[in-house]
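Asker: Below, each chain spelled out in residue letters.
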Amino acid sequence: MPFERILVAIDGSEASDRAFAKALELVEVTAARLTALAIEGPLPAYAATVGEVDEVKREKDQFFNALAARSREQAEKAGVELTVELRAGHAAEVISDFAAGGGFDLVVLGHRGHFLRDHLLGSTADRVAENAPCPVMIVR
Amino acid sequence: MSDIAIAALLAGTILVASTISVEVGLSVALIELLLGVIVGNAFHLDVPTWLAFLGSFAGIVLTFQAGAEVDVPQFRREWRASLSIGLVSFLAPFAVVATVCYYALDWNHRQAEIGGLALSTTSLAVVYAVLVETGLNRELVGKRLMSATFVTDIATVAGLTVLFVKPTVWAIPFVLVSVALIVGLPLASPWFFRRYGDRVIEPEIKLVFASLFLLMWLGSRANSQAALPAFILGLVMSGHYVRHRKEQERMRVVAFAFLTPFFFLKGGMSVSAGALWANLGILALLFVAKMVPKFGAVYPLARRYTAPHATFTTLLMSTGLTFGTITSLYGLNAGIIDRTQFSLLIAVVVLSAIVPTAIAQRFFQPHAEPREASGVRPVAPMSPSQTPVREGAGS
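Those sequence lines, one after another, are chains X and Y.
Residues 195 to 334, numbered by the working numbering, are exactly what the first sequence covers, in order.
Residues 113 to 507, numbered by the working numbering, are exactly what the second sequence covers, in order.
The shape of chain X in the complex, shown without the other chains (with noise of 0.2 angstroms):
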């Protein structure tokens, strides 16, 4: 079996989308396990109240789980089993880390999303194919 293990990144932006879809395809294909990490970018840095990171978050969270719900919908709809992660930090350092301590041997990830500080998500594309302890699929 060419993949056992999926791991694909989600930030609900297009490319996101577009590297989901595709995920799905994949299993479809390998009958492999898939796994959707969302990332949580950082809360305001330096904030001077703490109104300013509830409301943040607050919009953070809403977002996030509107997100894991559609997932887990679309997969529902694909017949495809789907297991959604959170984790809160820097977009491609969180995917490399993830992808290395969870074991997946294969990494889809949309690229010209936006995640979060990275502004392009093709700078965290390039940075998770470089870190990535397996191999990344970058859809365009």
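Bear in mind the hints are in silico, worked out from the structure with no lab data behind them.
For each residue, glycine too, the CB sits at the ideal point set by N, CA and C.
Hints are not guaranteed to be accurate.
Away from chain X, derived, C-beta distances all over 10 angstroms, residues of chain Y [claimed, not checked]:
#, residue
1, ILE150
2, ARG222
3, SER235
4, VAL238
5, VAL274
6, LEU288
7, ILE317
8, ASN335
9, GLU361
10, PHE376
11, PHE407
12, ARG451
Derived DEER-like restraints, expressed as beta-carbon distance ranges [to be verified]:
#, chain 1, residue 1, chain 2, residue 2, range
13, X, HIS284, Y, ALA390, 51 to 57 angstroms
14, Y, GLU251, X, ARG212, 36 to 42 angstroms
15, X, ALA225, Y, ARG357, 41 to 47 angstroms
Starting from the known structure of chain X, fit chain Y onto it as the hints suggest.
Answerer: Same frame as chain X, but now just chain Y:
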């Protein structure tokens, strides 16, 4: 430059600060402060009267909000372990900075006290952001850190109110009205908010603002400062805001959209870049005078109460931002410190927000248990039709 021209310039600056904050992921307050320095020095602007007034009120609103954002039940659980860390985190830098200012920098004793207070603070918001981001706010080390930060903050506002008081007969109504509001507002709020709340004209926000203006007026007549009663008023209202999140959100919207930007801009505009440049050595000395006692006093206690994360705890307890700015601005407005002293204090405050936080996150950050997306609890109801669409670098 006319008042309206300055207002237009500052409104544009506030807008730019918001967009930069979203794009780069830095706190909007920090950007407003830095843009205030640039605008104030580039255009050689004096702070107009209306801005000074708005900024002062915004400072009291920020103090009220800081009190309202304290997790009181958590503090009740952790106060024994946090009291000692919080108190030494205030007392040690206060004593050292005030001594350095008085003896080494030849400031008078009131200036030295302002210096000591401004640099003794710990930033609740900076600490909170780090803890929430890492999930450590759910663990013992995070809970103790937050409680200790609260102790340091209340010591700072108490110092600000008590140290500079020159009692007059107005101190009596100031104290009486403060006590009446602190006792009465939480009791009256449920009825008032039920009867008049949840309207677009926001009587509940106006009630809080009226209370804060009253405290400011009586505080100024009493030759004192409304920081302590405003903070305690926020504290006793915190339970109400926990039950009525929407009200707290509206209050934040009003504060962030209109009030706090003027506070931080005013702070930045009052900074003299030239004075900073000419006193880099003193800047370094004051920074060291804040950091060394924080480390010397907090670290031994942190080893006892937050082991094995003592260094992380100590670094975060060394941060400062909002109360340092509030204290420095009070000193400047009251004519206690001059513009050069203010500039130095604000610069150290900003440095203390950035440097220890960055070191703590880069080298000493403990890792909390990760959570699965399915376990994330939505903090507000979400419409079933609401689907996530990322519009850009929005978060």
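Asker: May I ask you to check that LEU288(Y) keeps its beta-carbon over 10 angstroms from the closest beta-carbon of chain X?
Answerer: holds (30 angstroms)
Asker: Far enough from chain X: is every CB of that chain over 10 angstroms from the CB of VAL274(Y)?
Answerer: VAL274(Y) is indeed farther than 10 angstroms from all Cβ atoms of chain X, at 24 angstroms.
Asker: Say whether it holds or is violated: ILE317(Y) keeps its Cβ farther than 10 angstroms from all Cβ of chain X.
Answerer: holds (14 angstroms)
Asker: With 51 to 57 angstroms as the target window, see if HIS284(X) and ALA390(Y) comply at their CB atoms.
Answerer: violated (38 angstroms)
Asker: Would you check whether the claim that ASN335(Y) is not at the interface survives, using Cβ distances to chain X and the 10 angstroms cut-off?
Answerer: Label holds. Min Cβ-Cβ 28 angstroms, cutoff 10 angstroms.
Asker: Quick check for students: does the CB of VAL238(Y) sit more than 10 angstroms from each CB in chain X?
Answerer: violated (6 angstroms)
Asker: If I take the minimum Cβ distance from GLU361(Y) to any residue of chain X, is it greater than 10 angstroms?
Answerer: violated (7 angstroms)
Asker: Does the claim that PHE407(Y) lies off the interface hold, with its Cβ farther than 10 angstroms from every Cβ of chain X?
Answerer: holds (20 angstroms)
Asker: Verify the CB-CB distance for GLU251(Y) and ARG212(X) against the hinted window 36 to 42 angstroms.
Answerer: holds (37 angstroms)
Asker: Confirm or reject: SER235(Y) is not an interface residue toward chain X, with every Cβ-Cβ distance exceeding 10 angstroms.
Answerer: violated (8 angstroms)
Asker: Going by Cβ atoms, does ARG222(Y) stay more than 10 angstroms from chain X at every point?
Answerer: holds (26 angstroms)
Asker: Over 10 angstroms to the closest beta carbon of chain X is the bar; see if PHE376(Y) clears it.
Answerer: Label violated. Min Cβ-Cβ 7 angstroms, cutoff 10 angstroms.
The structure shown violates the earlier hints numbered 3, 4, 9, 10, 13.
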